[in-house]
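Top line first, the protein sequences correspond to chains A and B.
Quick note on our numbering: the first sequence kicks off at 1396 and runs consecutively.
Quick note on our numbering: the second sequence kicks off at 22 and runs consecutively.
Bear in mind the hints are in silico, worked out from the structure with no lab data behind them.
Note that CB positions come from ideal geometry on N, CA and C, so glycine has one too.
Don't take every hint at face value.
In silico contact screen, one side only, chain B against chain A (beta carbon under 10 Å); selected entries [what the hints assert, rightly or not]:
#, residue
1, 306
2, 429
3, 683
4, 722
Using 25 Å as the maximum straight-line C-alpha spacing, the simulated SDA-like pairs for lysine to any residue come out as follows [to be verified]:
#, chain 1, residue 1, chain 2, residue 2
5, B, 655, A, 1525
6, A, 1397, B, 260
7, A, 1397, B, 547
8, B, 655, B, 693
9, B, 292, B, 260
10, A, 1397, B, 467
11, A, 1397, A, 1407
12, B, 655, A, 1518
13, A, 1397, B, 152
14, B, 655, A, 1397
15, A, 1397, B, 55
16, A, 1397, B, 710
17, B, 655, B, 467
18, B, 235, B, 547
19, B, 655, B, 733
If you want the footprint, here are the derived chain B segments under chain A, 3+ residues with CB under 8 Å [what the hints assert, rightly or not]:
#, segment
20, 68-74
21, 509-523
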Amino acid sequence: MKLTVSVNGSEVAAEVPDRTLLVHFLRDVAGLTATNVGCDTSSCGACTVLLDGLSVKSCTLLAAQADGSEVLTAEGLANGSGELHPVQRAFHAEHGLQCGFCTPGMVMAAVSLLEENPAPTEQEVRTALEGNICRCTGYHNIVRAVLAAASERQAR
Amino acid sequence: MSILGTRVTRTEDPRLLTVGGTYVDDLRIPELTAAARVTFVRTPVAHALIKGIDASAARAAPGIIAVLTAADMDDLPPPPPAPAEGEGPGEGAPLPLGAPWSEPLLAVDRVRFVGEPVAMVISDDSYCGADAVELVDVDYEPLPAVVGFDRALSGESLLFPEAGTNVAASSGQPADPAAFDQCEVVVEHTIVNQRLAPVPMEGRATAAVWQDGKLTVWVSTQNAQISRFILAGVLGLDPASIRVVAPDVGGGFGAKIGADRDALLVAWAAKHTGHALRWVETRSENLVAMTHGRGQRHVVKIGGTRDGRVLAYQLDIVQDTGAYPRMGGFLPFLTGLMATGPYAIPSVHAVKQVVVTNTTPISAYRGAGRPEATAAVERAIDLFAAEIGMDPAEVRRINLVPPDQFPYHSPCGAVYDTGEYVRALDVVLAGAGYAELRAEQARRRDNGDVRQLGIGVASYVEITAADAAGGETARLMVHGDGTATVYTGSSAHGQGHHTAWAMLVQSELGIPMADVTVVHGDTDLIPLGVGTYASRSLQLGGTAVVKAAVDVKDQARQVAADLLEASAADLELDVDRGVWQVRGDPETSRSWADVAAHAGPDGLAADANFTEGQPTFPFGTHLAVVEVDTETGKVTLLRHVTVDDAGTVVSPVLAEGQRHGGIAQGAAQALLEEMVYDADGNPVTGTLVDYAIITAAELPSFELLASETPTTINPLGAKGIGEAGTIGATPAIQNAVVDAVRHLGVRHIDMPATPERVWTAIMQARESQ
Chain A
1396 MKLTVSVNGS EVAAEVPDRT LLVHFLRDVA GLTATNVGCD TSSCGACTVL LDGLSVKSCT
1456 LLAAQADGSE VLTAEGLANG SGELHPVQRA FHAEHGLQCG FCTPGMVMAA VSLLEENPAP
1516 TEQEVRTALE GNICRCTGYH NIVRAVLAAA SERQAR
Chain B
22 MSILGTRVTR TEDPRLLTVG GTYVDDLRIP ELTAAARVTF VRTPVAHALI KGIDASAARA
82 APGIIAVLTA ADMDDLPPPP PAPAEGEGPG EGAPLPLGAP WSEPLLAVDR VRFVGEPVAM
142 VISDDSYCGA DAVELVDVDY EPLPAVVGFD RALSGESLLF PEAGTNVAAS SGQPADPAAF
202 DQCEVVVEHT IVNQRLAPVP MEGRATAAVW QDGKLTVWVS TQNAQISRFI LAGVLGLDPA
262 SIRVVAPDVG GGFGAKIGAD RDALLVAWAA KHTGHALRWV ETRSENLVAM THGRGQRHVV
322 KIGGTRDGRV LAYQLDIVQD TGAYPRMGGF LPFLTGLMAT GPYAIPSVHA VKQVVVTNTT
382 PISAYRGAGR PEATAAVERA IDLFAAEIGM DPAEVRRINL VPPDQFPYHS PCGAVYDTGE
442 YVRALDVVLA GAGYAELRAE QARRRDNGDV RQLGIGVASY VEITAADAAG GETARLMVHG
502 DGTATVYTGS SAHGQGHHTA WAMLVQSELG IPMADVTVVH GDTDLIPLGV GTYASRSLQL
562 GGTAVVKAAV DVKDQARQVA ADLLEASAAD LELDVDRGVW QVRGDPETSR SWADVAAHAG
622 PDGLAADANF TEGQPTFPFG THLAVVEVDT ETGKVTLLRH VTVDDAGTVV SPVLAEGQRH
682 GGIAQGAAQA LLEEMVYDAD GNPVTGTLVD YAIITAAELP SFELLASETP TTINPLGAKG
742 IGEAGTIGAT PAIQNAVVDA VRHLGVRHID MPATPERVWT AIMQARESQ
């Protein structure tokens, strides 16, 4: 089918097989490979992107379901002049990533969390990120990074 | 001031955070533009004879380029003869034991575990590959499956009939019964150290191209050079005609050591068909076809005096190595080497047996043999403490090797280099507020609270860079523009090598980290190297970088002397400013760019290979605090306090990150994760819905305490830190769970301490009272 998706502010129009998953549309059609596939059961969250502002697991949606919508991936998070998003900055400052595979999805989930709950407690961060698996960090520094990003947002 | 030991953020991060890493599936390079997809046909039957394979329907399906089976593999050299004793091809090689235990590439006439590859579908894309896999008709004649230690040992059904047994290796004599004669108290218990799935977030992935007589293989591996060695042997190629690239690797945890049969098959198929190929496994494939870890059953026997002195310890190990004895065949020997842990126990015996079963092969997983040793002895110490009615921390203090005994020759044959074991224990007890915790526990017990408190302690010593003599390589170049490039034989998959190696160069030469590029994982650029496992990177690979830097510095001194028309002996390197000058005369300073350019068009370069005289032995103590709901059996990990002393710390940020990750994986084993098979060899936990992988919601933040006792084995003073977490955390948390319900009569709960297990243990203890 033919579809048009706004990806990080750019229109991507293509004809793809009906069964194409959104994550494969992003990776193979839009050519944006930050979004990773870490499982096949919607468990790990490595593929998390924002669809019309809400976090979704892009392996669990058909590309067709995003027709006419806006998708934001990790590549689109920094601003036009290349300045990192506060969540990206906090992940760097707090050593919230190691191998980097879960990171784009984790960052997008954290961005979504802070949109919904700008001042979460540690436990709220932990619960909110339950659908995003990281095998390297033990989550310790991810949680610290999200709390630090929240503080920075509050301070501004 | 040296940059070493300071809190530097990682150089890797900006790229990983913005455009993401470049993992095998992300490679958008000309060689792979037209790459076809590989999808494996894997057996759903654990143990069966293959009576026939009909791939005709799959071959006719849309988008299918080829379907390959073992019958197509007529272009391979004969497998090498079984290696002689002590001449194995190294860790990660697929055939460590040789015939009759040989592991084929594609299954030939028999399958031995669910997930074993039987055929390969090569297709235009992964969607039609997945469709065609369903069309490959394999005729299986089922055989009785061998699952579990006892069925393996019984030998009723054999995986390798020509071997005549399921026991692939064994060693060690049972303890002399007299060893326990002097003991006032003897405790014995059977403990299962369950099978785990490593689950790196990036599963296995391989791409390969055969072009103009050269094979290029991109593989998600911890060891590019070892992978090249294995590929050359299996494919019968000159190593010089193979290039292996490890691009960004999304975690390994030991399960990506070398290249396994699936990766070898992709490389073979690229050469065989002439197509550029790419294979990226699904998570459900990963959970059954990547190697698993642990899988040991222990019978521990511990004895000593009523005042807390341990006199004798026996560890009887059965290792389930899965269907083929890969590194799993070696793990119990590491377990035996570390059997006594940090304790001075006069009489020790370890007996090891390795059995094959119709399950996924076992190999290294974060700790690889040492967490098993620590889990066994730490449970044994707690069982002994409970039996004599002494505080388990006190029993540890009495038996820990004292600081004046180093280097300590353990009765198991290891030489512990340096240690302050009692101090590590005391620092953790003080940091956790041990007395207060015990008081709170007593209060809850007195009140009969539903939610009881458990406090678990584990002291440990582990072995890192076990293959110290294998060494590691580094090449350092300083270019005419003053920047530097490090080519390291070590290999990063999240540890932060690029940051740490740049710190070492800045510390030694004064070239700012930002001007240091680190390259790893490309055998065309770095033909010699070992890579990453056994917590070896910093102590071997890092020291090699330092060694190369010292060499470059020596060369630079001569060049700078020529440039400044001064005596080399009068020159000094001002590391803070990164300039050469006549001693005490900053006016004469010359930059690295000046010196390297003056050295010639190629700048300065040095190669180094660093080997250690022996492995190093990090140590520490972990303390876990759990809450157990005695009505439901649910365990909540409230606190986790640790000392992990790995000698001199180069990067506190990276070292802490390693500890955090290891603690979480230890908690996962203690509380949640287990790879389960039914009696027919069907994996019950073959997806991430069923395999209870740990998440942020099940963990607290961790309390890390600092301790640095340098080793004398390498000039950095550094030991390995990568595996400390799983080694220390697992038994501390398990001990805490048992401790929470000990007053109810519970002596032991096997891992994972799920609500069902804890609840059952409480019920059984009540019934028996």
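For a quick check of understanding: which of the numbered hints are violated here, in increasing order? Violated: hints 2, 6, 7, 10, 14, 16, 19 and 20.
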